[in-house]
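Colleague: Using the sequences and the hints, build the whole thing.
Start counting the sequence shown at 48; every next residue gets the next number (the numbering used here).
Just so you know, these hints were derived from the structure itself, not from any lab. This structure is a prediction, so every number in the text was calculated from the model and none was measured. A couple of the hints might just be wrong.
Said to hold, decoys possible - Label-pair ranges, simulated between beta-carbon atoms: (1) Ser78 - Gln54: 15 to 21 Å; (2) Ala172 - Glu128: 45 to 51 Å; (3) Ile165 - Asp92: 28 to 34 Å.
What the hints assert, rightly or not - Derived pair list, reagent style DMTMM-like, types lysine to aspartate or glutamate, alpha-carbon separation capped at 20 Å: (4) Lys132 - Glu95; (5) Lys132 - Asp112; (6) Lys131 - Asp73; (7) Lys131 - Asp154; (8) Lys132 - Asp92; (9) Lys131 - Asp92; (10) Lys131 - Glu95; (11) Lys132 - Glu60.
We put the CB at the ideal spot given by N, CA and C, even for glycine.
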Amino acid sequence: MFCGRTQFDLFVELPFADDVCDLDPDVSALSAIAARGIIVTAAADMPEYDFVSRFFAPAVGIPEDPVTGSAHCSLGPFWGERLKKTRLSGFQCSVRGGAVRMQLQGDRVILTGNTVAILSGRLMA
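Modeller: This is the structure we're talking about:
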């Protein structure tokens, strides 16, 4: 197990995927933590994924983010080193949930996956 910090977030590894997916945190208590957010992860128990995760950021007004690209920029290298892989697949098991694929290229993490449009508009000059 691992507990540490990224540049902006706390990072916690739990023993089992169910521990992550079934987590019911006290978000008001989490908002007192001096970090942008809290990344929680575990190895996946589903063959199509390498790991599962969740991201909580109540200190910045986001109780739980459904699928968090910035968190996967830390999750990718962490699990890549653990699993000795440069291509990974993660599942963020929030209520909405979503999959993120990662390719590690040196100090870069290339993220791919599906998106959900929540707003559209047009800029006028």
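Colleague: Would you mind marking each hint as holding or not holding in the structure?
Modeller: Verification of the supplied hints:
1. Ser78 - Gln54: 15 to 21 Å: holds, 20 Å
2. Ala172 - Glu128: 45 to 51 Å: holds, 47 Å
3. Ile165 - Asp92: 28 to 34 Å: Between isoleucine 165 and aspartate 92, where Cβ atoms are some 30 Å apart, the hint holds.
4. Lys132 - Glu95: Holds, because 14 Å separates the two Cα atoms, which is no more than 20 Å.
5. Lys132 - Asp112: Violated, at roughly 26 Å.
6. Lys131 - Asp73: Violated. Lysine 131 to aspartate 73 sits at ~34 Å, over the 20 Å cutoff.
7. Lys131 - Asp154: Distance of about 15 Å is within 20 Å: holds.
8. Lys132 - Asp92: holds, 17 Å
9. Lys131 - Asp92: holds, 18 Å
10. Lys131 - Glu95: holds, 17 Å
11. Lys132 - Glu60: holds, 18 Å
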